[in-house]
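As you go down the protein sequences, you meet chains A and B in turn.
In this note's numbering, each number is its position in the first sequence, counted from 1, plus 540.
In this note's numbering, each number is its position in the second sequence, counted from 1, plus 540.
Hints should not be assumed to be uniformly reliable.
Any copy will do: because identical chains look the same in the list, a pair fits if it lies in one copy or spans two.
Unchecked claim - List time: in silico BS3-like cross-link candidates among lysine-lysine, alpha-carbon distance up to 27 Å:
id, residue 1, residue 2
1, Lys631, Lys834
2, Lys591, Lys843
3, Lys777, Lys631
4, Lys832, Lys710
5, Lys832, Lys716
6, Lys843, Lys710
7, Lys604, Lys645
8, Lys643, Lys604
9, Lys710, Lys777
10, Lys668, Lys643
11, Lys604, Lys716
12, Lys716, Lys834
13, Lys631, Lys832
14, Lys843, Lys668
No lab work stands behind these hints: they were computed from the structure.
There are 2 protein chains.
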Amino acid sequence: MDSQLAVGIDIGGTTAKFGIVNREGIIIEQDRLSTTAHPDINDFIDELHNKLTPMIERAGGLEKFIGIGMGAPNGNYYTGTIEYAPNLIWKGIIPFAQLMTDKFKLKTTLTNDANAAAVGEMIYGCAKGIKHFITITLGTGVGSGIVIDGRIVVGHDGFAGELGHTIIRKGGRFHKGTGSHGSLESYASATGVRETAFEFLAADPVAPSLLRQYTTEELTSQLVYECAMLGDEIAQKVFEFTGEILGEALANAVMFSSPEMIVLFGGLTKAGDLLMTPTVASMEANLIQVFKNKVKVVYSNLKESDAAILGASALVWDIE
Amino acid sequence: MDSQLAVGIDIGGTTAKFGIVNREGIIIEQDRLSTTAHPDINDFIDELHNKLTPMIERAGGLEKFIGIGMGAPNGNYYTGTIEYAPNLIWKGIIPFAQLMTDKFKLKTTLTNDANAAAVGEMIYGCAKGIKHFITITLGTGVGSGIVIDGRIVVGHDGFAGELGHTIIRKGGRFHKGTGSHGSLESYASATGVRETAFEFLAADPVAPSLLRQYTTEELTSQLVYECAMLGDEIAQKVFEFTGEILGEALANAVMFSSPEMIVLFGGLTKAGDLLMTPTVASMEANLIQVFKNKVKVVYSNLKESDAAILGASALVWDIE
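Turn these sequences into a full structure, and let the hints guide you.
Structure follows, in structure tokens:
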């Protein structure tokens with residue numbers, strides 16, 4: 541066989557990204573599709589089929605494809621279902637892998653989107669050759685993929701790796717999606733950074749800040765970053781605080797599975813050292829002696845738009 | 541071969557327990573030895589050899605033995621060393637497995653004492669046949685052994701599974717051994733229960749309590765339990781609070797590795813429902829939907845004095 545191919549699909553809250561990927565991790569062609577515009581899952585899959593079919597044809601036809609790999613919020617590796625995903629338009633339990641297999645006539649493997657990202661890091665990214673690592677996705681939410689002995693941890697029911705929902709600050713910030721208080725996701729996500737900025741602005745109403753020029757609607761984590769880079773003190777403190785909490789969560793994770801590396805991924809990582817420095821300092825401060833100065837914390841070197849597709853497609857090689 | 545045998549040794553802060561164990565998990569003979577009385581590790585091993593040699597002879601001689609399994613605080617599976625164990629008299633890095641092999645001429649496998657307990661539960665205890673579970677030892681300290689896909693999680697350096705040191709209450713109680721604040725161990729251990737009792741007594745100096753009849757020296761977690769069973773309100777609140785914190789830690793662990801079962805073990809489990817009820821309630825309250833009402837939390841059914849030896853000996857069969 542000259543070159544085998546896979547379809548990689550990343551299902552997000554607003555957009556699905558998909559592409560044709562070869563064994564070397566080259567995305568031959570890619571496209572995207574709105575998820576929110578298709579509240580009926582069958583409509584969504586029909587539209588996905590319409591878009592993918594010509595791409596598959598151009599790549600040499602169905603017989604060159606080993607399968608479809610999918611990453612999705614609350615995706616279950618064992619059952620191929622998406623179950624009660626708070627951030628998706630499709631409610632309840634969706635037998636996604638089965639629906640895809642029926643439609644495309646290709647074996648479909650589905651997992652949690654963060655787990656797919658971890659597989660991507662393991663096969664194509666900075667965790668290549670590393671047997672024990674954790675990937676944390678810092679996006680709209682916080683996802684995690686845990687690798688132990690070279691294998692993704694899925695747990696007894698396929699749902700393991702939800703570090704975003706672990707409680708880091710007892711009685712802390714309310715999370716609308718889950719009803720919990722003080723979870724990692726409620727702080728160390730794009731949403732969390734925005735909320736921290738509002739809290740800090742409210743706590744010191746007279747302190748000057750570039751952040752005050754934006755309305756509640758306008759302010760994004762990206763703008764908080766830009767203000768911080770312009771020297772805005774409150775904006776800088778927002779990232780210090782975010783890193784402090786993220787570091788506490790990383791320390792707890794390290795004392796659980798003792799990984800060699802933690803790979804951070806997603807929109808918030810654009811903050812660079814502004815986030816990395818307080819994160820590592822806080823992690824180290826919360827580790828007991830035997831774990832100190834051992835864990836490499838790095839930002840993913842995969843292009844963000846590609847990584848989700850790559851990770852999802854890598855599931856196909858992984859399960860072959 | 542009629543019956544193969546193993547030596548199981550559990551190294552504790554004050555006492556080492558050891559025994560001869562067969563494949564069925566029957567402890568044929570056992571004994572114990574003070575660890576604190578032998579500040580030189582070579583003296584300790586000599587004395588252990590003196591005590592074990594006649595036991596090995598009575599059991600049929602060295603040729604019937606497959607090996608020695610040891611559990612020890614800060615024991616490292618990869619290197620066979622004990623490293624910087626705060627609760628042991630031997631300081632620095634002790635090449636324990638090598639010293640034992642040299643002395644006994646038997647292959648020695650060493651691991652963290654909590655990991656050894658998990659192996660014991662997996663082979664002889666209530667986790668038999670279960671692929672994903674966590675064992676939490678609630679003794680003087682809090683240890684943990686994590687099993688994923690039927691294998692103990694040791695991490696990249698052999699030190700994984702230190703849930704006792706994860707931070708559950710940011711800025712909380714100081715832990716003398718590690719310098720951390722708010723770790724699970726500082727609350728959910730025998731030592732922690734004692735401290736909680738003192739805190740609760742001090743916080744409400746006029747409330748009547750049976751606990752007040754004991755001096756600081758006298759009060760133990762066992763006495764707190766006995767007072768609680770006699771209806772003492774403060775003593776009961778101590779266990780409620782302990783369970784609340786333990787449950788929060790269990791919830792975080794469940795969202796990490798999604799185990800089917802959590803096995804609690806050690807002195808504090810004598811508290812029975814007094815501890816179990818608030819622990820499970822708090823765990824469930826802190827889990828996101830997808831994990832709720834799925835995890836069995838149970839007390840170990842292994843006899844406490846036997847379990848440590850059994851678990852350590854089981855390492856021998858495990859690595860054969």
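Status of the hints after comparison with the structure:
1. Lys631 x Lys834: Answer is between: at 21 Å across copies they meet the 27 Å cutoff, but 42 Å inside does not.
2. Lys591 x Lys843: Answer is within; shortest intra-copy Cα gap is 23 Å, inter-copy 63 Å.
3. Lys777 x Lys631: neither (38 Å within a copy, 41 Å between copies)
4. Lys832 x Lys710: Both, since 25 Å and 19 Å are each at most 27 Å.
5. Lys832 x Lys716: between (35 Å within a copy, 18 Å between copies)
6. Lys843 x Lys710: neither (35 Å within a copy, 35 Å between copies)
7. Lys604 x Lys645: Within. Shortest intra-copy distance 13 Å satisfies the 27 Å Cα cut-off; inter-copy 58 Å does not.
8. Lys643 x Lys604: within (17 Å within a copy, 61 Å between copies)
9. Lys710 x Lys777: both (21 Å within a copy, 19 Å between copies)
10. Lys668 x Lys643: Neither, since 33 Å and 41 Å both go past 27 Å.
11. Lys604 x Lys716: Classified as neither; 44 Å inside a copy, 62 Å across copies.
12. Lys716 x Lys834: Answer is between: at 23 Å across copies they meet the 27 Å cutoff, but 36 Å inside does not.
13. Lys631 x Lys832: Close across copies (18 Å), not inside one copy (43 Å); limit 27 Å.
14. Lys843 x Lys668: Result: close within a single copy only, 16 Å intra versus 45 Å inter.
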